[in-house]
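Turn these sequences into a full structure, and let the hints guide you.
Protein sequences appear in the order of chains S and G. Sequential numbering of the first sequence, starting at 1, is according to the working numbering. Sequential numbering of the second sequence, starting at 1, is according to the working numbering.
Note that these hints are calculated values from the structure, not bench results. The structure displayed is predicted, hence computed values, not measured ones. Glycine included, each C-beta is placed from N, C-alpha and C at the ideal position. Among the hints, a few may not be true.
What the hints assert, rightly or not - For each label pair, taking beta carbons as the anchor points, the in silico distance ranges come out as:
(1) G:Asn29 - S:Asp89: 19 to 29 Å
(2) G:Asp56 - S:Lys34: 36 to 46 Å
(3) G:Ile101 - S:Glu88: 35 to 45 Å
(4) S:Gln100 - G:Ile91: 41 to 51 Å
(5) S:Asp106 - G:Asn29: 38 to 48 Å
(6) S:Asp4 - G:Thr23: 20 to 30 Å
(7) G:Tyr97 - S:Ile60: 21 to 31 Å
(8) G:Glu33 - S:Val28: 39 to 49 Å
(9) G:Ser27 - S:Asp92: 26 to 36 Å
(10) G:Asn105 - S:Glu33: 43 to 53 Å
Spelled out from the first residue to the last, the chains are:
There are 2 protein chains.
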Amino acid sequence: MRRDVFQAIADPVRREIIELLATETLSVNEVAEKFEISRPAISKHLKILNECGIIDFNQIGRERLCLIQPQKLIPAFLWIKQYNKLWEDRIDSFENYINQIQTKNDKK
Amino acid sequence: MRRDVFQAIADPVRREIIELLATETLSVNEVAEKFEISRPAISKHLKILNECGIIDFNQIGRERLCLIQPQKLIPAFLWIKQYNKLWEDRIDSFENYINQIQTKNDKK
DNA sequence: AATAAATGTAACTATTCGGTTACAAATATA
DNA sequence: TATATTTGTAACCGAATAGTTACATTTATT
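Next comes the structure, spelled out in structure tokens:
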């Protein structure tokens, strides 16, 4: 079973969980309440996020608080970031092309 | 069938295809030759990448050239990027903590 | 001590995923 | 025209995914 950050953020529910936990620390039940799906389903998503280190648990009595570990997103960030030169060049060359046409039209 | 950039880059083979096509445009067969798995398997991966716009095809005779469209990675990039303030603060506070300890030790 | 609350997990199901082999179709070459 | 090349796709398979309900366990409350 593959368990990496790319696979973790592939699921829209897990991305939403990350979004929630980025603003506040919540217990398992509090996370589950924010969704339509069952608590065990959320429990599984949290387990997957925990297995790749994106969240840690902090047991307080009978509650488990879910703490985000945002630095675990860095590898995925860097993988995508290596292509930003590529898409910026693409956009630049498109803008140059537009400017070129613009200049031609201005001359008319 | 969900088909978005997050799901596209979740698979390691597809990430490798993106890496290949970032440096050169290749035909379907040329892509397949770089992998151990069968050509139809690669064909499926290319189809998925195409369905979410990450690659375009350019038919030249009987060959189909695979052209990367790196700007399609931008939404995934931005989604992750919104957390970089979060992990930078985390790293900063860790560094501050280390510096604090260091300063204490220096005083001894 | 009895009950309520928070949570994990087992068992099950339907669907998707990632691979395979076999075959068909289109195009280039001899 | 016959053959080789490039490619897509159908049919199949096993494993993983994402959900469910039912139940067990631990901790807090009454």
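Checklist entry - Hint numbers the structure violates, sorted upward? => result none
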